[in-house]
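As given, the protein sequences belong to chains A and B, one line each in that order. Under my numbering, the first residue of the first sequence carries the number 1, and numbering increases by one thereafter. Under my numbering, the first residue of the second sequence carries the number 1, and numbering increases by one thereafter.
Rather than coming from a laboratory, the hints here were simulated on the basis of the structure. Remember, it's a predicted structure, so these values are computed and weren't measured experimentally. Heads up, the beta-carbon is just placed ideally off N, CA and C, and yes, glycines get one too. Some hints here could point you the wrong way.
[Said to hold, decoys possible] Stretch-level coverage of chain A by chain B, calculated; a stretch enters the list once three of its residues show a Cβ under 8 Å from a Cβ in chain B: (1) 31-40; (2) 169-182; (3) 389-403; (4) 596-610.
[Unchecked claim] Which residues of chain A face chain B? A partial, calculated answer using Cβ under 7 Å: (5) Thr-62; (6) Leu-287; (7) Ile-382.
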Amino acid sequence: MVETGHFALVLAFALSLVQTLVPMFGAHMNNQKMMAVGGPVAVTGFTLTALSFAALAIAYATSDFSVANVWDNSHSLQPLIYKITGTWGNHEGSMLLWVLILTFFGALVAAFGRNLPAALRANVLAVQGAIGATFFLFILATSNPFARLNPAPIEGRDLNPILQDLGLAIHPPLLYLGYVGFSICFSFSVAALIEGRIDASWARWVRPWTLVAWMFLTGGIAMGSYWAYYELGWGGFWFWDPVENASFMPWLGGTALLHSAIVMEKRSALKIWTLLLAILTFSLSLLGTFLVRSGVLTSVHAFATDPTRGVFILCILTLFIGGSLALFALRASRLTAGGLFHPISREGALVLNNLFLTTATATVLIGTLYPLAVEAVSADKISVGAPFFNLTFGPLMVPLLVVVPFGPLLAWKRGDIFAVAQRLMAAFAAALLAVLVTALFIDGASVFAALGVGLAFWLICGALTDIAVKSGFGTVAPGVMLRRFAGLPRSVFGTALAHLGLGLTTLGIVGTLCFGTEKILSMHAGETVQLSGHMLRFEGLYPAQGPNYSEDRGRFALLGADGSTTAVITSAKRSYPVRQMTTTESGIKTIGFSQLYLSLGDEGTDGSVVVRLWWKPLVTLIWGGGLVMMAGAAMSLMDRRLRVGAPSRRRKSAGAVPSASLL
Amino acid sequence: MTRKQKRLSVIAGGLAFLGAATGLTFYALGQKASYFYMPADLTTASLQPGQRIRLGGLVEKGTIERGQGATVAFSVTDNQKQVKVTYTGILPDLFREEQGVITEGTFRPDGVFVADSVLAKHDENYMPKEVADGLKSKGVWQESKSD
Numbered sequence: 001m002v003e004t005g006h007f008a009l010v011l012a013f014a015l016s017l018v019q020t021l022v023p024m025f026g027a028h029m030n031n032q033k034m035m036a037v038g039g040p041v042a043v044t045g046f047t048l049t050a051l052s053f054a055a056l057a058i059a060y061a062t063s064d065f066s067v068a069n070v071w072d073n074s075h076s077l078q079p080l081i082y083k084i085t086g087t088w089g090n091h092e093g094s095m096l097l098w099v100l101i102l103t104f105f106g107a108l109v110a111a112f113g114r115n116l117p118a119a120l121r122a123n124v125l126a127v128q129g130a131i132g133a134t135f136f137l138f139i140l141a142t143s144n145p146f147a148r149l150n151p152a153p154i155e156g157r158d159l160n161p162i163l164q165d166l167g168l169a170i171h172p173p174l175l176y177l178g179y180v181g182f183s184i185c186f187s188f189s190v191a192a193l194i195e196g197r198i199d200a201s202w203a204r205w206v207r208p209w210t211l212v213a214w215m216f217l218t219g220g221i222a223m224g225s226y227w228a229y230y231e232l233g234w235g236g237f238w239f240w241d242p243v244e245n246a247s248f249m250p251w252l253g254g255t256a257l258l259h260s261a262i263v264m265e266k267r268s269a270l271k272i273w274t275l276l277l278a279i280l281t282f283s284l285s286l287l288g289t290f291l292v293r294s295g296v297l298t299s300v301h302a303f304a305t306d307p308t309r310g311v312f313i314l315c316i317l318t319l320f321i322g323g324s325l326a327l328f329a330l331r332a333s334r335l336t337a338g339g340l341f342h343p344i345s346r347e348g349a350l351v352l353n354n355l356f357l358t359t360a361t362a363t364v365l366i367g368t369l370y371p372l373a374v375e376a377v378s379a380d381k382i383s384v385g386a387p388f389f390n391l392t393f394g395p396l397m398v399p400l401l402v403v404v405p406f407g408p409l410l411a412w413k414r415g416d417i418f419a420v421a422q423r424l425m426a427a428f429a430a431a432l433l434a435v436l437v438t439a440l441f442i443d444g445a446s447v448f449a450a451l452g453v454g455l456a457f458w459l460i461c462g463a464l465t466d467i468a469v470k471s472g473f474g475t476v477a478p479g480v481m482l483r484r485f486a487g488l489p490r491s492v493f494g495t496a497l498a499h500l501g502l503g504l505t506t507l508g509i510v511g512t513l514c515f516g517t518e519k520i521l522s523m524h525a526g527e528t529v530q531l532s533g534h535m536l537r538f539e540g541l542y543p544a545q546g547p548n549y550s551e552d553r554g555r556f557a558l559l560g561a562d563g564s565t566t567a568v569i570t571s572a573k574r575s576y577p578v579r580q581m582t583t584t585e586s587g588i589k590t591i592g593f594s595q596l597y598l599s600l601g602d603e604g605t606d607g608s609v610v611v612r613l614w615w616k617p618l619v620t621l622i623w624g625g626g627l628v629m630m631a632g633a634a635m636s637l638m639d640r641r642l643r644v645g646a647p648s649r650r651r652k653s654a655g656a657v658p659s660a661s662l663l
Numbered sequence: 001m002t003r004k005q006k007r008l009s010v011i012a013g014g015l016a017f018l019g020a021a022t023g024l025t026f027y028a029l030g031q032k033a034s035y036f037y038m039p040a041d042l043t044t045a046s047l048q049p050g051q052r053i054r055l056g057g058l059v060e061k062g063t064i065e066r067g068q069g070a071t072v073a074f075s076v077t078d079n080q081k082q083v084k085v086t087y088t089g090i091l092p093d094l095f096r097e098e099q100g101v102i103t104e105g106t107f108r109p110d111g112v113f114v115a116d117s118v119l120a121k122h123d124e125n126y127m128p129k130e131v132a133d134g135l136k137s138k139g140v141w142q143e144s145k146s147d
């Protein structure tokens with residue numbers, strides 16, 4: 001089975017070369033038969049990669065320690081779910097997941113792209129094949145997951161205990177679906193450059209792929225953030241760690257792309273810019289892969305360090321980023337510029353969005369790469385952390401968030417800013433009220449905290465205003481309003497939901513950072529502690545045994561007003577004997593949208609235990625907002641105009657009416 | 001305004017925006033990046049009072065003292081010099097004697113380093129990269145130091 005997997009991977013590599021060369025020459029020579037090769041080859045390549053991945057997963061599930069990769073990252077006593085997720089909890093396996101998803105997207109283009117122009121489809125598949133070929137070669141040459149051990153060891157070395165969590169089942173697949181998903185946008189852009197033209201079907205196609213990738217990336221980042229929050233026991237939801245930045249940069253770039261693609265699709269303006277953004281977004285994904293997989297950074301994500309791998313990925317990076325940008329420089333002038341617009345218009349607002357987002361991406365990029373650059377040219381080792389990003393990323397995001405509610409209400413081509421401001425009066429009043437209530441009624445609220453809460457409410461109410469205005473709230477009879485509400489295009493709801501989610505995330509961040517409280521103390525069994533109005537009693541430490549670990553559980557009773565126990569919170573120190581590693585399992589109690597978070601420290605000599613407690617107001621909204629953003633993207637995807645082949649005449653009658661007639 | 005003037009003003013606005021962002025970025029890099037030192041480097045380093053740095057090395061054997069509550073004191077060494085560090089909080093799970101550690105914080109006037117964060121290795125065969133490189137350059141690196 002293992003050899004079958006290896007063989008399937010070699011075949012998939014060979015097919016990816018065919019997928020690159022044949023359709024591209026076919027498109028060049030206008031040979032229909034050669035162009036048609038791309039589709040079936042892409043589907044077969046995906047099937048073979050899936051087979052290869054399944055072979056590795058089966059080796060993991062059955063604890064086949066004759067495979068070096070399984071021996072290194074698994075243990076027979078692990079629960080089955082962690083045995084399976086362990087497949088991608090290591091360098092080789094996660095690269096296999098990477099190509100699996102890459103070929104999956106290629107197969108999707110082959111399956112759903114039948115009505116694309118033949119040459120465009122052939123070129124897209126060829127570029128997708130080329131990306132696949134380099135990564136297949138990378139896996140086969142430097143990171144073969146199927147290498148055998150002889151003699152086979154009896155027992156494995158266990159999966160890194162930090163990764164023995166349900167988070168590993170969800171976070172990497174979602175993240176990869178997002179950041180590898182942008183490869184489709186990249187392939188479409190390069191294909192357009194090869195052909196030297198962009199037509200209407202190009203724009204109609206790129207937008208849904210961007211939405212899909214963005215949706216998964218949002219979910220992957222939110223899930224990763226929550227995982228780090230509860231697993232590491234540090235109580236933080238974002239550390240500005242270079243590896244987090246590696247996934248955040250494509251997200252920022254993808255968000256910009258999402259917005260510029262709207263302009264391109266609706267107004268056929270910003271064509272060249274959109275194309276460049278698509279290239280840059282996937283380039284950031286590749287850069288992220290390099291940062292995480294090459295070992296230039298040390299983190300939980302860098303499973304193993306091997307210099308040849310780093311150099312190899314750097315070559316791939318140079319080939320695709322350099323190649324696509326060179327092609328862009330050569331061909332971009334051939335593409336025709338699109339329609340003109342006034343600075344104050346929906347297009348103008350979306351350009352402003354792009355300006356802020358790309359600049360923010362650049363600051364994150366500089367902050368992430370600067371330490372590497374400094375280390376390369378001098379002996380100094382520096383680190384750039386939260387203080388840097390708070391000073392640069394923060395000031396760029398706040399003005400962007402302030403203007404978000406204006407965007408969707410402005411008309412295309414030429415908008416009336418005063419009319420929009422009038423429509424937003426209610427949202428502004430709500431935000432002002434939130435600022436006043438926070439400043440006056442919450443103890444210890446700083447001006448910044450109050451303004452932050454106001455900003456969050458401004459975003460949330462702004463998103464609701466968008467829907468209300470477009471359904472004619474207050475201007476037409478309730479019956480008409482309901483009909484209009486039901487008839488609004490799904491993408492209008494998508495926009496509103498995504499902006500609403502952004503507001504919720506903002507509220508969660510402001511709540512946690514500005515109103516959270518924290519205590520570190522050493523406690524004996526029976527002692528009580530009070531934190532932001534919550535009374536906790538430490539009940540003591542109890543030993544317990546898991547399948548492949550032993551733990552000391554600290555039990556804490558949450559006490560009601562009358563002194564009775566209302567809930568029990570458990571935090572544990574786990575010890576994994578195989579890796580001689582200790583992990584901290586945090587104890588979390590969700591109360592409304594807020595959480596009480598506690599983690600155990602060391603045991604003192606007198607039987608006391610160091611305990612760190614946090615009260616994190618509204619913290620769940622940070623990730624809840626991410627889910628709402630995902631729902632927004634899903635809603636937009638259901639819009640009928642994104643269903644390829646839907647008649648465009650109906651789109652005009654359904655989609656253009658609300659914004660045009662009301663402004 | 002003519003169309004050309006309008007376009008120019010938009011471009012000028014964009015450039016001014018980018019310029020401001022660039023300026024802010026480089027200001028922040030100058031102010032907020034923290035340098036990494038090992039104990040022996042400190043004699044030659046010129047630190048401003050209150051400057052944040054990262055101090056790395058090995059936790060010296062027999063120096064871990066648990067004080068009142070959650071405060072811990074220990075020495076960080078590169079086998080040439082030692083620096084006394086205090087930290088209030090929960091130490092990482094893999095914090096042990098004679099293991100690599102990176103602490104971040106500032107020096108108190110009496111020469112004690114007050115750390116507000118302590119990072120140790122992630123698993124049994126990982127040493128913080130800066131610490132490993134530093135020990136190598138000082139010639140005190142021993143392969144397979146793990147226990």
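Comparing the hints with the structure gives:
1. Look at the region 31-40 of chain A against chain B: 0 of its residues bring a Cβ nearer than 8 Å to a Cβ of that chain, fewer than three, so the hint is violated.
2. Only residues whose beta carbon comes within less than 8 Å of a beta carbon in chain B count, and the region 169-182 of chain A has 0; fewer than three means the coverage is violated.
3. Evaluation of the coverage hint for the region 389-403 of chain A: fulfilled, as 4 residues show C-beta separations to chain B shorter than 8 Å, against a requirement of three.
4. Figure legend: the region 596-610 of chain A, annotated as covered by chain B; annotation consistent (7 residues with Cβ-Cβ distances under 8 Å, at least 3 required).
5. With a cut of 7 Å, the hint placing Thr-62(A) at the interface with chain B is violated, because the nearest CB-to-CB distance is about 25 Å.
6. For Leu-287(A), the shortest C-beta to C-beta distance to chain B is roughly 18 Å, which exceeds 7 Å, and the interface hint is violated.
7. The interface hint given for Ile-382(A) is met, as the beta carbon of that residue sits about 5 Å from the closest beta carbon of chain B, less than 7 Å.
Hint check: violations occur at hints 1, 2, 5 and 6; the rest are consistent with the structure.
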